[in-house]
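Number of protein chains: 2
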Amino acid sequence: MAAKLYDLELSGNCYKVRLLCALLDVPLEIIPVDFLSGAHKKAPLIDLNPFGEIPIFQDGDLVLRDSQAILVYVARKWGGESWLPTDPAGLAQVSQWLMMAENEIARGPNDARLHDKFGYKLDIERARNNAARVFGLLEKRLAKAHWLALDRPTIADIACMPYVALGHEGGVPPDGFPAVTSWVGRVKALPGFIGMPAI
Amino acid sequence: MAAKLYDLELSGNCYKVRLLCALLDVPLEIIPVDFLSGAHKKAPLIDLNPFGEIPIFQDGDLVLRDSQAILVYVARKWGGESWLPTDPAGLAQVSQWLMMAENEIARGPNDARLHDKFGYKLDIERARNNAARVFGLLEKRLAKAHWLALDRPTIADIACMPYVALGHEGGVPPDGFPAVTSWVGRVKALPGFIGMPAI
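Chains as they are written, first to last, in this note's numbering: chain A, 940 to 1138; chain B, 940 to 1138.
The set of hints was computed from the structure by calculation and includes no laboratory data.
From a predicted model like this one, the values you see are computed outputs, not experimental measurements.
Don't take each hint at face value.
It does not matter which identical chain is used: a pair holds within one copy or between any two.
[To be verified] Under the rule of at most 25 Å between Cα atoms (straight-line distance), these lysine-lysine pairs were calculated in the DSS-like manner:
hint, residue 1, residue 2
1, Lys980, Lys1083
2, Lys981, Lys1083
3, Lys981, Lys943
4, Lys1056, Lys980
5, Lys1079, Lys981
6, Lys1079, Lys980
Only chain A is shown next, with the shape it has when bound in the complex (with noise of 0.2 Å):
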């Protein structure tokens, strides 16, 4: 039996797991969530997941929240060690850059797109000077490697990229940032990968 997916089209947090899904050849059962009727906050799905949020997956018994702990299991339950090593220096710097992504990237480029595209109520001032502080670090990193954590994509850039892509939606696009941009390229160019609205 397929896993399935608790998902909404237009957020970059469901659109990651079903990328690193398409790049594995993983089957996935795609259950779409009525998010503006606020589904995710009731019965059942608020019983799948306290935290009241999407994506939402599940494999047989197991369900687990938050896309960057949903790419931890993907990657280890079918990319082998390439996507996701367990070496303790390759997993630690797997997960710094996942780390980047839950918080970083979530209080700028998403933060901006909540706000310009969902009308959510934040600092924008504050989400976009935070962008332009990712987008300079993920810069200095990538003028010297091709990839966030090794010398081969893994599920750090599968959890960094969408919402640095997005960026143009919460008027923050990387253009000034050419390593970025290259890097974007790069992700789009990997075999099986799908894109999403305005990726």
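Given chain A's structure and the hints, the job is docking chain B onto it.
Then chain B, alone, in the frame of chain A:
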């Protein structure tokens, strides 16, 4: 040669690393950082961590930033499968709570403490509301389990406990959450436990 931790005694994020190393009996060379004068934002530290933050962890040639990623490294290198298992479900279940430490806890009790104790300019109302949500979510889990991720202590507990236990320094003690309070006590009772100021 012992691994090095660029450290601030009052930082809960640095404390997490000290705590896990103490529990695993890993020797650590502590290098105090002059945080007030901004040493973490200048050479030589900014070259070790372009994010301009501490903790920074150095083990031989490997340099790591981000407290959660450092916990991953220490657990994988010195903790066997116990503190961070590598099977897909176990690794993902621990990762879910590492992400909560990186995101919701950082934007909740940690931000509230940064405001109250260190004078950071941020939306304190939002931080306190986030903290209440965090405590509620932890309570829900801990009302039916002794530990956050699995049936034993893992780095999920080490990552999440400090800023919860420091909540009173941000005006948000987890007093009305008995399962959370009991869990903090269980972490404090682990063999080899060390504290920090206010914990």
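Hints, verified against the model:
1. Within a single copy, Lys980 and Lys1083 get their C-alpha atoms only as close as 43 Å, which misses the 25 Å cut-off; across copies the closest is 21 Å, which meets it.
2. In this assembly of identical chains, the alpha carbons of Lys981 and Lys1083 lie at most 25 Å apart only when taken from different copies (21 Å versus 46 Å within one copy).
3. For the identical chains of this complex, Lys981 and Lys943 are intra-copy neighbours only, at 18 Å inside a copy versus 47 Å across copies, given an alpha-carbon limit of 25 Å.
4. For the identical chains of this complex, Lys1056 and Lys980 are intra-copy neighbours only, at 21 Å inside a copy versus 34 Å across copies, given an alpha-carbon limit of 25 Å.
5. Taking the closest pair of Cα atoms, Lys1079 and Lys981 come within 25 Å of each other only across two copies (16 Å); inside a single copy the shortest separation is 42 Å, beyond that limit.
6. Taking the closest pair of Cα atoms, Lys1079 and Lys980 come within 25 Å of each other only across two copies (15 Å); inside a single copy the shortest separation is 39 Å, beyond that limit.
In the structure shown, no violation is registered for any of the earlier numbered hints.
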